[in-house]
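Participant: Reconstruct the complex from the two isolated chains, following the hints.
Protein chains in written order, with my numbering: chain A, 13 to 321; chain B, 2 to 734.
Hints were generated in silico from the structure; no laboratory data involved.
One or more of the hints may lead you astray.
[What the hints assert, rightly or not] What follows is a set of in silico ranges between Cβ atoms, one per label pair, in the way DEER data are often shown: (1) 114/A with 144/B: 52 to 62 Å; (2) 298/A with 439/B: 38 to 48 Å; (3) 286/A with 363/B: 17 to 27 Å; (4) 87/A with 573/B: 29 to 39 Å.
[Unchecked claim] Derived coverage of chain A by chain B (criterion: at least 3 residues anywhere in the stretch with Cβ under 8 Å from a Cβ of chain B; other residues may be distant): (5) 102-108; (6) 125-133; (7) 276-285.
A virtual CB, placed ideally from N, CA and C, is assigned to each residue, including glycine.
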Amino acid sequence: MADNPGKPRSFQEIILRLQTYWAEQGCAIMQPYDMEVGAGTFHPATTMRSLGSKPWAAAYVQPSRRPTDGRYGDSPNRWQHYYQYQVIIKPSPPDLQAIYLGSLKAIGIDMDLHDIRFVEDDWESPTLGAWGLGWEVWCDGMEVSQFTYFQQVGGHDCKPVSGELTYGLERLAMYVLGFDDGNEMPFNDPDAPITLTYGDVFREAEAQYARWNFDVADTDTLLQHFLDAEAECARILDAPEDDPKTGRRIVMALPAYDQCIKASHIFNLLDARGVISVTERQAYIGRVRTLAKACADAFVQTEAGGYAA
Amino acid sequence: MPDLLIELFSEEIPARMQTRAAEDLKARMTDALVEAGLTYAGAAAFSTPRRLTLTVQGLLSESPTVKEERKGPKVDAPDKAIEGFLRGAGLTRDNLEVRDDKKGQVYFASITKPGRPAAEIIAEVLEDVIRNFPWPKSMRWGAGSLRWVRPLHSILCILTDDAGEATVVDLDVDGIKAGNATEGHRFMGEGRFAVTSFEDYAAKLKRNKVVLDAEERAAHIWQDATNQAFASGLEVVEDKGLLAEVAGLVEWPVVLMGAIDEAFLGLPPEVLKTSMKEHQKFFSVRNPKTGRIERFITVANMETADQGATILAGNDRVLSARLADGAFFWENDLRVARAGMDEWIAKLENVTFERRLGSQAERITRIAALARELAPAVGADPDLAEQAAKVAKADLSSEMVYEFPELQGVMGRYYALEAGMPEDVAMAAQEHYSPLGPSDAVPTGPVSVAVALADKLDLLTGFWAIDEKPTGSKDPFALRRAALGVIRLVVENTIKLKLSGVFFEHGRKFGADQAKERIRLEAKRLRAEYENPENRESEEMHDAIKVAGEAMYQTDEASRDLVNFIQDRLKVYLRDQGIRHDVIDACLAMPNNDDLALLVKRATALSDALKTDDGENLVQGFKRANNILTQAEEKDGVEYSYGADVKFAETDEEKALFAALDTAEAQISKAMEAEDFATAMGSMARLRGPIDAFFEAVQINTDNDVIRRNRLNLLSRIRQICGQAADLTRIEG
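Excised from the complex, chain B in its bound form (with noise of 0.2 Å):
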């Protein structure tokens, strides 16, 4: 069975694309082989930044015959259906063969599909797959009309015999002949070379200065870049993103380590790493036992007769000019930063935030009060609070983040030390942007987290205002990651805060309380004019209060809104815990369910207690309880809610039940007391075994009526009783 191999050879692929493209050939190629009915053994692709290549083994040599029988119409229906039937069925009315059928005599018609060489298909669907390729971006170029990622100049495309005997597959796209050569490195390759197989393609690519595959190169550069910084005593900087990018920017990578100036090694390793990464693609090579970076590593794609040397002075010359400019950005900043920032936070008044919600300037304002107010419940100071808010976002303004906007934050954090600010101002000024995704680290520092906080709480409760919510897949806010933000802010650091409260004091400040301010200056004015009367009557007044009461509604509104926003997300978050809808369901119907600290305590007890077997049988046991009861209520029309009395009980076991609930229910309302749930249900799962018993021993529903008054109170007192940390009727099963 023959292989096939295909390279499309191209001028240079942008890096980020080359992987995706790769796989999209493979899938693309081999699916529709498939679906023309070519099965193969095995298939790879690759990729250098000037071409795709595929190679599929064990590919069959010829497409099976299919053979299909259809049925037509009957033998005296009109000619124009007999016609119709042919004509999809590309045959004469002769090749019809007559059958019986139930309905009388039909015609059939056997089309055979006779199988085809692979070559034609491979054609075809390369043809195909070229003409139709995902490419994010694509162009097209000179006068002709095909596009592709950029001018795509030749295609190879060989099926090899189990002789090695190779064949070029016919194939012309928009001129482009399929042949069977291609070319090596750009600069160290000698000129075309024609292949004879998979095998015979990658050896002489390797000889002329082309490693295909990837992750080879990328091996290679990781390989001899530690190798380099590890005979100098130093370590690579680790990063992946960089890695794949270099590897897609490189047929035949030749690894170069440089040194950093030594004038440009003051600057911070943030700037270094980031300057020398964004601009340079230049990895970053530290001193272990200084954690200062000292020196790069590029990554040529040329071998010189000097060794690399001109091009690593030329890469350290513009390395250099680089750094004078983060250098120059530094130092500027630092001279605003000693001055205490004030220059750059009066910028940001005239930074827009967004249109509705005002300039960053008055964003930053409100968040400085809300982390003010939040400030008691997270155990920070306020003033530092306040202070941490309200210079936390000032490095915006900066040259030096102007440049390089990855490193907001951490250029803050530089700064505030440099104005003198507390540390724990200085941490909040870098790290009130996080958690930036569910793995991204908390912070704790309870002046962090207050400033933290606020930022999510007044983006979300601003957002709602303006009624931009996220949909479906649109989310170009990030309102949900700020949503998850602040439920692993406040459950990670267990945070007792009532978010219904907050949303809704926070909201009036988009609106409400503007309003209300107006009804204030009208009310003074109309004071003012209180001797006239023809002024009393005040229309200004009418419409003020009328927007002020339709702003507090929304305000209202809003945040309830927000509330189920939150919980909807957190249901998320707990069910990636590993805690059952029905669980968080049950816990979300009691009451305080927007104090997310407290819900997820709740939830946690609960489903530890689910996974013992008391539990589990206890909500069985409430469940039967409340059925038998809701039943007997809505015959009897009243609420059983009080009254049993032990005197009528007739049993051991329901004498042993009373029992069992006056000790459970002592033990439970201190436990709830102290908002500890996990006691309260371990003492409810105890009441397994007499409530089991009790149903056992004893018929609820009994002539005497006392009795069954009194049981069904007692009853009520299990679903009282129980129902106190969560609803367990909405558990499941």
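Pulled out of the complex, with its shape left as it was, chain A reads as follows (with noise of 0.2 Å):
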């Protein structure tokens, strides 16, 4: 890429230059997970990775879901489906902050004209029984990024630290593209034969999302498949290491950790609709971190969590 990229022109430009930028820095560039999850943190490739101390370095675009946020596709600014860019490395190196300003030239934020400033936000995940220390980032008064450093995930803690970036797509291409309404940012090149908008790609699915998350997602269905996930993963954790068909040690986290990833969504869901009171609402995340921690001592028990036998 050249040293001056100039500004991007379209949402798909800023995902694909973050894409290369990260890959240049010796990123793993992974998908998107397959499941629905409410925040890039729940992929994998981070929960998981974080766990243990094998070296990993990762970045991918995450669909993420927070149905409550939905609003029709009416809002600005505000979508029950979104974007979010995900960088993990681990053990975070110690040029972090300036390996995260490049990524913002990347995109076309000239450092010389803007004021970027590393503002104290700690995060704390309660249904990943997980927390870090670290910053929103600025970009004149705008929050871009959340930049973490893992302290403990799934009641383990992180040794050696990774170092987490979490990118609002959405919000920061509106910034970077100069677009008020985020529905009418250009999604693709804007002189391609066919141009679509932000709102051209999911207007409708917002609407349709939307109806369905709040008003007719069928909660008794929704209760069960929790119950059903819940049991599910406890039963996966139980199974004994060793496999007898093959004779290998498997110890299962990850199909384990598809089932918290599903209890989690399936409690958004819930809670949009309306039927989680303020007390069962904190019985319910205790229910999700505690699916969440077996997965993480599972995980620490496989080799890709630092275990030898």
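Facilitator: Next up, the structure:
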């Protein structure tokens, strides 16, 4: 990529530039996880891989769903389905701040004209039993990223520590492309024969999902799904380590973690349906956390999690 | 003597922690240096978002040599004892000296601890300070195990001698080697540079766009902000906390002023101010003529070729998006408010206040009933007080208060007015949380006072009913603050209120009333089934009566305890106003001591009286009379309470005292009836002369029993008259 790449012209160009930049920094460019999640952190490439001692570097786009943020496609800056760009590097390199600033440059933010600040913002995920210290990064008063040094995940101390970066892609793109209404920003090349805006791509889906999330989703079914996922997660982890068929030791942390992700998303859906009271809320979060912790316990018993027989 | 310069350079330190961290660095380093024998002339610490800096001037270049003499075991002591002594002293046997002692020959050791160079001590001390730094929250990074607030990148540590020659202190903390270099501003600085002294360091930092001193940054921000505002005929709304925070977010402050979009100027000023401050760390800029907030001040960390135009435009857009949210909340809220706020009040049924104390809605119902009962005492219209209490917390359900909890009450007033409620009711919504501390203003409007009192009394009664009282430093529900609120509301508005009655009556709502209702229902059932004799014996009734009895007993206990708690807080309150504790005790010993306004009036009058010569001496006279009388009563086994007759008076002084007591008694009883303690105490103080003269001239214990008894009865009159306003026996001295 040239030194002065100029300003990107579309949503997808920002993603492409981030992909290129982080590939150049040595990250494995991964694809989104194929399940519904609330944030890029849920991808096992972050949650699971931040556990244990093995070095790791990955970057990926993660479509994320927050049912309560649905506005039927009418809001200029809120969608129940949105994109996060996630970078995770373990151990966190000493010049991670500088590398990060390089990524802002790569998407056309001129450091000489803007005011970039690191403002205290500690991150905590009660559902994942995880926390870290870091900042929200401000560009001219706008939050463009979250920057976190993971201290604990799934109740385990992170040793070594992973550095995690999360970009809220829509908000970042609106800023870089200069749009107040995210639905109006170009999704693909504005000179393409068929031009598509962000709204062209997502407005329809936003309306449909908002209706389903808020009013139609069957709460009894969802509750049952939650219980099923919870039970299956426990069952998977209860299985003996030694696989009788292959005779190998196979700890199934990842399939169990899929069930944890499922339970977490179903909880979000139930929350959007308004059937969870304030006191129940804490209890549900605690149940998901229990699953996440159990999965983390299992993952550190795998080779990828640093286990050595 | 050398100067020491230390800089700990890291990634961005949270603004709220910087000042304290600089102080901790200074205190811990200098304490430990002095402890190791290195005294110094002066020290100062500084902080920026990326560094903590300490300069110590005039440090000793090495610690002094210390000689110590230790007495050891006797020469003929077992080898083990001598070996132990040698190990402790770090010597061998031929270093020891034998001296004669009372008990015989004893070993003595002379230990010389040679002085050590400053650099060696500093290296040890600094490593220890870094490893044990008291950050409120700290973290690890990379593969290391060191903890710091954010990753620590470099340590600058140099000693500069009198010739200006700088030496790096040899130090390595977890792979970070101390050096003599640092860097300036993240974007405007020109790479790393070496320094030779503090002056050199501060000057080079400034050239590299870093103002080291937080106070200098704050002063610059404030000056520049007020100048820019003034130039436009406007003024910056002062906010010291925000100023300190913003000074901790920048190394090179650049003050920029921007305008708020016309579309949002209709929002309440509190909303504009809070939104700008909380989300964006902006200062509000006000038009002094209209009081409206029209512009904002933002502080950037960057000088740009376009004079901040891009930065300002970006901030402006973010602000507009934020205020659009604010306007959206405001519009939505106004719709509910104009419909009478019922929707919000209904929502509070689902909000738990405290598990055992029920929902927020239940609490409001109790407060409304109590506000109504209190209304006559505070001079409020009972209907208005009840109405105000019912809507005072409605704004807790509003979108604006959900977004900005600190606007509770303030929004309540706006919304109550929109709902068409009377001004007094709206004001009560805003004021009923007050006073929030010892210096916060106390509401004076009767409706506000009724609701504010009811709010706090319900809080206290409720938590006492479930036995959740403050202990030691633990007071999670701010009950001490609520008690002080009650005291200030009652005393500063002079409200006549007997608290024990209020606590007991209100306390019954937490359990006892339900128990009584159970009895009533059971009695009704029994009456209905009276025809059937088998049902006349009722286990349920037995049980209900037992529960109700216990509940009433507990309510009574709790209300007594709560009165004591309030009285204890009152002591603190009055002591702060300069009223002695014995004066308060003397007044607390009187009846109706749960009427705080009365109690304070009494204590103030007594305190004032004791400051006069007559008053102080009267207490002495009173105590003398009381002592003689008490002793005689104990000896004689009777109480001398009445019947002193002037006809048995022998001396002029005795007769004069009779006359003075008659006059005083008449004045005092009239004054006491009007609760005019000042006049009563004044009359008492005038008794000082006659009482002193009486004791001077008259011997109480004479052989004539009739005269003795008469005199004792006269003393009893002194005790009775002077004891009406306060229990003077409790006055010290």
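Participant: Would you mind marking each hint as holding or not holding in the structure?
Facilitator: To see whether the hints hold, each was checked on the structure:
1. 114/A with 144/B: 52 to 62 Å: 22 Å, violated
2. 298/A with 439/B: 38 to 48 Å: Since the Cβ atoms of residue 298/A and residue 439/B sit about 40 Å apart, the hinted range of 38 to 48 Å holds.
3. 286/A with 363/B: 17 to 27 Å: At 22 Å between Cβs, range holds.
4. 87/A with 573/B: 29 to 39 Å: With a Cβ separation near 52 Å, residue 87/A and residue 573/B fall outside 29 to 39 Å, so the hint is violated.
5. 102-108: holds (count 4)
6. 125-133: holds (count 8)
7. 276-285: violated (count 0)
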